[in-house]
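Engineer: Single-letter residue listing:
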Amino acid sequence: MIKRNNKIKFSSRLSLKSTPKSSNSHDSMWNSYNKSDYMAKTRVGLDEKLVRFISSEKKEPAWMLQHRLASLKEYLAMPLPTWGPDLTKLNLDKITYYARAADKQAESWADVPADIKSTFNKLGIPRAEQEVLAGVGAQYESTVIYHSLKDKFKEQGVIFEDMDVALHEHEDLLKSYFMKAVPATLHKFAALHGAVWSGGTFLYIPRGVIIEQPLQAYFRMNAKGMGQFEHTLIIIEEEAQAHYIEGCSAPRYGVDSLHAGCVEIFVKPRARFRYSSVESWSKDAYNLNTKRALVEKEAHMEWVGGNFGSNVTMLYPCSVLLGESATADHLGVAFANQGQIQDTGAKVIHLAPHTSSNIIMKSISKGGGQAIYRGLVDISPQAEYAISNIKCDALILDDRSQSDTIPTINIKNQTAVLAHEATAGKLNAEDIFYLRSRGLSEEQASAMIVNGFIEPITKELPLEYSVEMNRMVELEMENSVG
Amino acid sequence: MKQLVKKNIKASDKKIIVADKTRVFILDYVDRLSAVSTLPIFIGRESQVQYVFILDHNLSSSLKINREIHIADRAKVDSYQVYFGRGDYQVNINNHLGKNVILNSQGLFWPKKQQILQVQDNDIFTARSAVGKFKVIGLVDDSASAQYYANVTLKPEAQLSEARIDLSLHLLSSTARGRLLPGLKIAANDVKAGHSASTFHLAPEDLFYLQTRGLSPAKIKVLVINSIAGQFVSGIKDETTKNLILKLIKKRSD
Chain A
373 MIKRNNKIKF SSRLSLKSTP KSSNSHDSMW NSYNKSDYMA KTRVGLDEKL
423 VRFISSEKKE PAWMLQHRLA SLKEYLAMPL PTWGPDLTKL NLDKITYYAR
473 AADKQAESWA DVPADIKSTF NKLGIPRAEQ EVLAGVGAQY ESTVIYHSLK
523 DKFKEQGVIF EDMDVALHEH EDLLKSYFMK AVPATLHKFA ALHGAVWSGG
573 TFLYIPRGVI IEQPLQAYFR MNAKGMGQFE HTLIIIEEEA QAHYIEGCSA
623 PRYGVDSLHA GCVEIFVKPR ARFRYSSVES WSKDAYNLNT KRALVEKEAH
673 MEWVGGNFGS NVTMLYPCSV LLGESATADH LGVAFANQGQ IQDTGAKVIH
723 LAPHTSSNII MKSISKGGGQ AIYRGLVDIS PQAEYAISNI KCDALILDDR
773 SQSDTIPTIN IKNQTAVLAH EATAGKLNAE DIFYLRSRGL SEEQASAMIV
823 NGFIEPITKE LPLEYSVEMN RMVELEMENS VG
Chain B
951 MKQLVKKNIK ASDKKIIVAD KTRVFILDYV DRLSAVSTLP IFIGRESQVQ
1001 YVFILDHNLS SSLKINREIH IADRAKVDSY QVYFGRGDYQ VNINNHLGKN
1051 VILNSQGLFW PKKQQILQVQ DNDIFTARSA VGKFKVIGLV DDSASAQYYA
1101 NVTLKPEAQL SEARIDLSLH LLSSTARGRL LPGLKIAAND VKAGHSASTF
1151 HLAPEDLFYL QTRGLSPAKI KVLVINSIAG QFVSGIKDET TKNLILKLIK
1201 KRSD
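Protein sequence lines, in the order shown, are assigned to chains A and B. For my numbering, add 372 to where a residue sits in the first sequence, where the first one is 1. For my numbering, add 950 to where a residue sits in the second sequence, where the first one is 1.
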């Protein structure tokens, strides 16, 4: 596991995304939004005409249009996925699948339209770029409005680009890798993504290059009933190392919005890569994300994730351990509050000998929320001496909330060593009593215990991000007593 | 409490009712196709029951078995399930636990050759302060495959209950396949619930040691199985049933 890099200094006042220094500012992430005049040029619903329009507006090569049309065909033919929560209430005909908020991508924050820049300022992105990040991408609705990479990394051959730009400038690379880890045939929302994807990040780290500072992308849905389908494609060449962070948010309108992003990561032999994400969509968003990494010989992949917002989340980052001695770590925390279903987990497919995986998941449910761990560990016949450890813990904070654990374990090799352990319970009354005797209110004591509960995950994030996650827990814990 | 009564389930049984405050040993031995496929069992309040289910018919045809077991308040049940035989089996066992029930359940499965075994074990806690412990050991041999789903559901009314599932799998050949799903669905907050799933096999060092003592791999396999079997039957009170299970295991090892 890549340890926290002490060389990366984070300002104590710097905020990652939501800048939640008070509950009001946290709420503003979900409650405030800009005017969206550009929505007058859009329409709801999806058909071949719209898919052709997206491709033509982006001036895409013919193979990409063909890929989109084939994906649309798959999407229309496929039923809703059965692996995951009930999605029958999601009205896919009411979603706006494509909206362009800015005419062109800016090269500096000064060129970004004022209202959009203001949103990202509130989220703390420009300042983070100056102080701690190697590069930044910012997407607003369907298109990327800003992208930059520090010169010293450009000189080393690193590519950090908006996907639309990369499709033109690095077409051969994209053609070789695009939707090869997550094919459109995987499930209905992968097919939908293949048809209407727009924006996202392309990251290429050449052989042997090590980037110690994280690269970050931030995705913001602004308009009512919007759908966002960004595509993140990451290639880490042999012996390279990097850390990439994604953040996401959207305002609350009381109308369903949809996020069906896709992340594909190719970790080449002996490379190491960490992908962190903190997703805080508004509580009327469906977050149906698909993330998958193909991990080659002796390479290492880490997923670190926090899921706080959204109405329904369906997210199971997947590592496919293709090469001998490939390894993967999955660390995740999900907080399900009132009206939320957090259906999250991990999938690891062991396809080679001496591969190993480690899954640690924590969930908290409160106020009638439902937290579900749904996981898969598959050890194939070729995966001699594979090792997998899975640990899931759930906290249920009141008698209206629910916690489910649904781990599927397939073992097809007799040499496999696997251990899965899960527990569920409530806050310990003795711990609360002790903290109250030290002068804390019951609410503060509960928040402190919950933060301790998720500490194995937050400690793997850079300091500023873990502080942010702890603060989000404290805000979710407000009014948890009584 | 009355004396222990032994009850052998017959093909003609439509349902089994255990009266309140009784001590009963129930043997549910499915050894022929005419065996009862669906059977509700009602266990009365404060009764003490040992229930042994053995599936071991000698025909290689497929069989579906359902058992619906309702355990009334303050009853204590020790349940043993053994899955051998030659056919393909789909077994569905639903345990419904009342208030203050104590259920200790143990399972042992050992499919061989081309056998396909699918077990769905649902344990539903419907009232307060019940305790359920479920321990399953699976051996899968030759080209057989086994799928064992154990689902514990704690309803909102099941506060102060405790549930624990432990599934353990040992693949005895390179072509054997196993699938485990220890599921928890918890809708009550003041409960203790946990589960584990694991694989086990002899470490190469242990295997090497036993071989240096003159034991062949086949004999080592038998030793491991006998050790598991000995532990499994140790709590069964009825000696005839205990010996029956050991005899079936020996026959299967030969």
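Fair warning: there could be bad hints in the mix.
Ranges between beta-carbon positions, derived for each pair [said to hold, decoys possible]: (1) Lys1014/B <-> Glu815/A: 48 to 54 Å; (2) Asp458/A <-> Asn1042/B: 20 to 26 Å; (3) Gln1064/B <-> Glu814/A: 47 to 53 Å.
Covered stretches of chain B, as calculated for chain A (at least 3 residues, CB under 8 Å) [said to hold, decoys possible]: (4) 1007 to 1019; (5) 1144 to 1152.
Computed from the model, here is a short list of chain A residues facing chain B with C-beta under 7 Å [unchecked claim]: (6) Ser697; (7) Ile778; (8) Asn842.
Derived from the structure by calculation, the hints contain no laboratory data. Idealized CB from N, CA, C, for every residue including glycine.
Engineer: Does Asn842/A pass the interface hint, meaning its C-beta sits closer than 7 Å to a C-beta of chain B?
Structural biologist: Constraint on Asn842/A not satisfied, violated at 23 Å.
Engineer: Does Ser697/A pass the interface check with chain B, least Cβ-Cβ distance below 7 Å?
Structural biologist: 18 Å, violated
Engineer: Three residues minimum, CB to CB under 8 Å: does the segment 1007 to 1019 of chain B make the cut for coverage by chain A? Let me know.
Structural biologist: violated (count 0)
Engineer: For the hint on Ile778/A, does the least C-beta distance to chain B fall short of 7 Å?
Structural biologist: With a minimum Cβ separation of about 5 Å from chain B (threshold 7 Å), the hint on Ile778/A holds.
Engineer: For the segment 1144 to 1152 of chain B, do at least 3 residues have a Cβ located nearer than 8 Å to some Cβ of chain A?
Structural biologist: holds (count 7)
Engineer: For the pair Asp458/A and Asn1042/B, does the Cβ-Cβ distance stay inside 20 to 26 Å?
Structural biologist: With Cβ atoms ~23 Å apart, the hint holds.
Engineer: Does the Cβ pair Gln1064/B, Glu814/A satisfy 47 to 53 Å?
Structural biologist: 60 Å, violated
Engineer: Using the C-beta atoms of Lys1014/B and Glu815/A, is the stated range 48 to 54 Å upheld?
Structural biologist: 53 Å, holds
Hint check: violations occur at hints 3, 4, 6, 8; the rest are consistent with the structure.
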